[in-house]
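Chain P is already provided as a structure; the job is to place chain Z on it using the hints.
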Amino acid sequence: MTAAAADVALKGRVGDPFSSAWRRRLPLLPALLYSIAVTQLPFLVSIYYSFTNLKDKTQSLIPEPTKFVGIDNYKQIFSDPFFRQAVWTSVQMTVFAVVLSLVFGTLFALLLDRKFLGQGLVRTLLITPFLLMPVVAALIWKQQMFSSLFGLLDKALTFLGLSSVQFISSHPLASIVTVLVWQWTPFMMLIILAGLQSQPGDILESANVDGASGFGIFRQLTLPHLRRYLELGALLGSIFIVQAFDAIDVMTGGGPGSTNIPYYVYQESIGGGFRYGSASAYAIVVVIFSIIIATFALRVLSSLFKDEERA
Amino acid sequence: MHEASSGSARKRTMLIIVVLIVGALAAVLAATASARPAAKTISVAIVANPQMQDIASLTPSLFTAKSGIKVKYTILDEGKLREVTTRDVGSGGKAFDAVMIGPYEAPQFGTAGLLHDLTPMAKADKTYNYGDLIPAVRNALSAKGHLYASPFYGESSFLMYRKDILAKAGVSMPLHPTWDQVATIARKINTPSMAGICLRGKPGWGDLGASFTTVLNTFGGTWWSSTPSGQPAAAQVDQPQFKTALDFYAKLAQDAGEKDAANSSFNECLAAYQAGKVSMWYDATVAAGLLEAANSPVKGKNGYAFAPVEKTKASGWLWTWALAIPKSSPDPTDAWKFISWATSAQYIKAAGTHTKGGWPSIPPGTRVSTYAIPQYKAAAKAFASITLAAMKAAPITNPGTTKRPGLPGVQYVGIPQFQDVGNRCTQLFSSVIAGSMKDSDALSQCQEIASQAIK
Chain P
1 MTAAAADVAL KGRVGDPFSS AWRRRLPLLP ALLYSIAVTQ LPFLVSIYYS FTNLKDKTQS
61 LIPEPTKFVG IDNYKQIFSD PFFRQAVWTS VQMTVFAVVL SLVFGTLFAL LLDRKFLGQG
121 LVRTLLITPF LLMPVVAALI WKQQMFSSLF GLLDKALTFL GLSSVQFISS HPLASIVTVL
181 VWQWTPFMML IILAGLQSQP GDILESANVD GASGFGIFRQ LTLPHLRRYL ELGALLGSIF
241 IVQAFDAIDV MTGGGPGSTN IPYYVYQESI GGGFRYGSAS AYAIVVVIFS IIIATFALRV
301 LSSLFKDEER A
Chain Z
1 MHEASSGSAR KRTMLIIVVL IVGALAAVLA ATASARPAAK TISVAIVANP QMQDIASLTP
61 SLFTAKSGIK VKYTILDEGK LREVTTRDVG SGGKAFDAVM IGPYEAPQFG TAGLLHDLTP
121 MAKADKTYNY GDLIPAVRNA LSAKGHLYAS PFYGESSFLM YRKDILAKAG VSMPLHPTWD
181 QVATIARKIN TPSMAGICLR GKPGWGDLGA SFTTVLNTFG GTWWSSTPSG QPAAAQVDQP
241 QFKTALDFYA KLAQDAGEKD AANSSFNECL AAYQAGKVSM WYDATVAAGL LEAANSPVKG
301 KNGYAFAPVE KTKASGWLWT WALAIPKSSP DPTDAWKFIS WATSAQYIKA AGTHTKGGWP
361 SIPPGTRVST YAIPQYKAAA KAFASITLAA MKAAPITNPG TTKRPGLPGV QYVGIPQFQD
421 VGNRCTQLFS SVIAGSMKDS DALSQCQEIA SQAIK
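Read top to bottom, the protein sequences are chains P and Z.
All letters in the first sequence, in the order written, are residues 1 to 311 by the working numbering.
All letters in the second sequence, in the order written, are residues 1 to 455 by the working numbering.
Chain P extracted, bound-state conformation (with noise of 0.2 Å):
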């Protein structure tokens, strides 16, 4: 193009890629376009699947080509104990971690909400475990706390007398919910200590002055302050916990009690099924009602905010 035929080209009409607006939108569209590809485009790929019998190229020896099969794949999620298993679970997981987290997170902001020699280092000791990656918190609690050939629990257990426990062949979910816990009550801990911080002094002072005591200041007037950040925190560790993958693929590598719907699903697909059909269609079922509830939870969290304005 000459330098001429480019200027008129700029002039320009209303509508044309080269009028201001278009050339404030240019530079964001191709991370805009990146984003619809890595995001959009796989998961519409995922419906299409979903309603097929794709299975893996090393599980197609005996010859199926993939073909559509409809509903099949939806119908199938309803009549599956195993994923009936693994939503049940997913359930306690969270729901256990999420509770456990914010009553271990609320205790310990109390106590880093005052003063006292080493807050600094005591305040970094806590916030420590959520820092490290999940696979290394969950190989550390397998092998250095459950293992029952070199665990330190096994060895505490043995010094006091009491007979050896399997943690983790035994008791699965409580396993993975020590880990679990372990690792976001730190997350919770600062979301709560940002509420007491955020709590006026004068009121507490002035409880205090009309003789309070420090249960009563507490439970009166701290727990209602605190309320929205216990939600906030309840929320937020839902969202996180029930994807949790990571604990269980290192400690158990999946099972009864511990197989949650990430774990299912990845065993369908990659992790050894090789159904990406049927995989496809349990990740958009968990997808709608992960929706659904999202939508329900902050609803009424809404509406609780409403109602404490208006009390």
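Worth flagging that the hints you see were computed from the coordinates, not collected in a lab.
Since this is a predicted model, take the numbers as computed values, not measurements.
Covered stretches of chain Z, going by a simulated chain P footprint (3 or more residues, C-beta under 8 Å): (1) 268-274; (2) 422-428; (3) 434-448.
If you want a taste of the chain Z side facing chain P, the calculated C-beta under 10 Å gives, among others: (4) Arg82; (5) Thr86; (6) Gly201; (7) Asp260; (8) Ser264; (9) Gln419; (10) Ser431; (11) Gln452.
Straight-line C-alpha distance at most 20 Å; calculated EDC-like pairs for lysine to aspartate or glutamate: (12) Z/Lys66 to Z/Asp125; (13) Z/Lys80 to P/Asp246; (14) P/Lys142 to Z/Asp77; (15) Z/Lys455 to P/Asp72; (16) Z/Lys455 to P/Asp80.
Cβ atoms here follow ideal geometry from the backbone N, Cα and C, with glycine treated the same way.
Chain Z alone, transformed into the frame defined by chain P:
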């Protein structure tokens, strides 16, 4: 004038934008293109067993120094390795130039056209010496006369026991024991500080699945019945023989098994046996080399017996970890150079003098010539001949009492579905061993999994 200057400014801005976009694209392309360094480096995925760790540490001095080819090892445990190789080989990924697989995968991947046929290279390569490979192992890795993987070590399964402990208890182990005899002895010598027997209980078709399936076979059970053409016909997990085998295995592990049996496999049992925490161990013959190794605390204290039987004549498995070149390998020529070195008779000899374990811990069971090395014959006196006999006796074409699909194969069913079924069912069986699940529940759920898989 004003018009013109704003026009040229606009032109400049446009130019900058275009240059930036083109530059970004070029950078992305360059990054993907240069992801593999130009220097000669090959990537190899291997299983995390002691002999493989030996070769990984010897490679720089013995192979790279001579050939100039760097080898990047990815060392994974058995289950993860399978997952990674199945995914990479199956989808034509380019992550690995050579992968370690076994006789379960080699014929299946090979006939599906996912692996390079090694026969021409192996036969042309004089130093490799194709004729020296043990025939049973070579056949297990071949399909229709094409060799798809070169064996690194070969093994059967047998029973290892502490002669001193058995003698102290006043019992003796026959050379060809039955499972009932083994169970009786295990319960008799079992003490709180030293378990009677170490059995694999960790979920995974190659872990608990392998040990248990040899027991299942000899108890007369099978995973699936077979159609006349050798395809799976119906799941047989709900049959009484299957229940008898599972109950026997789980009960033995609970009564006289190692601590936390539901979480133990080869490496855990090896550690427990070497630490003197178990008196007997039913596992791969390759373990014997590690028990008798120069640096082993239980060296010279062990007796060996053939895999225990019940209704069949032999029950030992046949397995080999072997190196294969995926069709998607970016550098098959160098990959073959590596494989022909790693699985050669020369490497076996080098391992005898260069590793900490010494001669007993060399990779066994792949070459006839290994059993003619004088130093090895002397060092492995206790187990070399029984290993070779067990490998020859492994009933790979007729492992049980009924006709079954997926032959040859002893401790696995050679059909693609077995990987998933074996993994998920052994998770259930592992829970039975741990005592957290009833055998009847595990069996009915496993029957469901096994039937669904072949639908």
